[in-house]
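So the chains spell out like this:
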Amino acid sequence: MTKDKKKKIRKIVLLTILFGALVGGAIVFYLWNMPHIDVQAQKADFSVSSTSIVNEYLKDEKAANAKYLGDEGDSKIFVIKGTVKSKDTDMNNQVTILLQEANDKAGVKCVFMAETNNNANTLQIGQQTKIKGIIRSGAKYDEDLELYEDVLLEKCDVVTE
Amino acid sequence: MKKVAAVIALVIGTITLFSFKQTDDKLISKKSQIDIFSHTDAEDINAVNFSSTATLSKESGDVVVSVPMQSFEFKKALMQKHFNSEKFLDTKAFPKAKFKGKITNLKDINFTKDGVYNATVSGEMTIKETTNPVNEKGTVTVKGGQVTVDTKLKIVLADYKIAFEKGKPSKNIAKTIDVTMKIEY
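Here the protein sequences line up with chains A and B, keeping their order. Following our numbering, the numbering of the first sequence begins with 48 at its first residue and continues without gaps. Following our numbering, the numbering of the second sequence begins with 18 at its first residue and continues without gaps.
Keep in mind that a hint or two might mislead.
[Claimed, not checked] Where chain B lies over chain A, by a calculated footprint (3+ residues, C-beta under 8 Å):
| hint | segment |
| --- | --- |
| 1 | 55-62 |
| 2 | 81-88 |
| 3 | 132-140 |
| 4 | 180-187 |
Because the hints were derived from the structure by calculation, they are not lab data. These numbers were taken from a predicted model, which means no experiment stands behind them. We put the CB at the ideal spot given by N, CA and C, even for glycine.
Bound conformation, chain A alone (with noise of 0.2 Å):
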C-alpha cells in the first residue's frame, strides 16, 4: 500500500468516527432535552362527552386504559363536552374545571396550565363548553375512598372554535 493510499484510509476512519460522535451527540442532546408533549398543539384523539368517557370507564376500567392511556405516559388528547359543574384552583394555582352531568355519578376533572387559566375563569357554573387535555386517568369507584373518581384530564384548554 502507498504513503497516500494510507493517508486516504485513516482520513475516511477518522471522518467517519467524527462523524458518528457528531450524530450519536446530536442524539443525546435531543434526547436530554426533548422537550415535553405540547397538548394543544396536537390534534385531538378523540372527541366525546363527560358522561360517555365517564360511563366507558365505569363500564370497564381496563379496556379503556389500555385504549387510552400511553405506555410512556404519552396518553390519548381528548376534546371533552360537557357542564361545567364546579371550579377550583389547584395547588399549583391551576384552574381546575369539573365538567359532569347532573345524573352522572363521575364527571371529567380538567386541570389547567399558567397559561391557559384565563380561559378557564371566563367558564360559569352550569355553562356548556368543550376542553382538550391529555387524559392522566379514568373514573372508577374506590372502596376505600367510598367516592367515584373522576377521569383527570390535564394540560387543558377551553376549546373556542
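Using the hints provided, position chain B relative to the given structure of chain A.
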C-alpha cells in the same frame, strides 16, 4: 296505607341523616401536592403531582390517598417517559398508586381547635399491585376549620419490584425515594 308511608318516610329520614353524618365525619381533599425526590451522586431527580384524591375520617382516623401516576411532572420529558415506561412504573397498566392507613394517635388531635398536631400514620402503600406496610410521622394542622395533613415517607423501590435492570437510569435513580405529601381538606 298511612302506616306504610310513615315507615318509608322514617327509612328515608334515617338514611338521609346517616349520609349527612358520614359527609360531616369524612373529609374529602380539596388540594394536594406530592413530591418525589431521588438523590444519587450522578443527579438529583424530582417530580411533582397535584392531582391526587384523598379522604380522612375524623372519627376513625382512616386515611386514603389515591395517586394518578401519569400526573407526575418531571423537568425533563425523557425522565417522565422513563418513569411511566413499562420497565419502571408501567403507568399504563397500573395508573394509580394508593395509600390506605390510619392515624394511630387520633386522641391527640382536636379537629375543632386550631393548632399543629403531631400524628403517627400506619398503613399500607400499593404501587404496581405490590403492597408494603408504611409507618410514618406527620402533622395535622387545623386552622379555621380547615385541615391540612403533611407527611414524609420513604419508598424503597425494590420493595415494590421497581427497578431498571441496566443502563443509565439504573445508576442515576436512588434505591430509596423520598415522598412528601401535603393534603388540604
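task: State the violated hints by number, sorted upward, taking the hints as numbered earlier in the document.
output: 1
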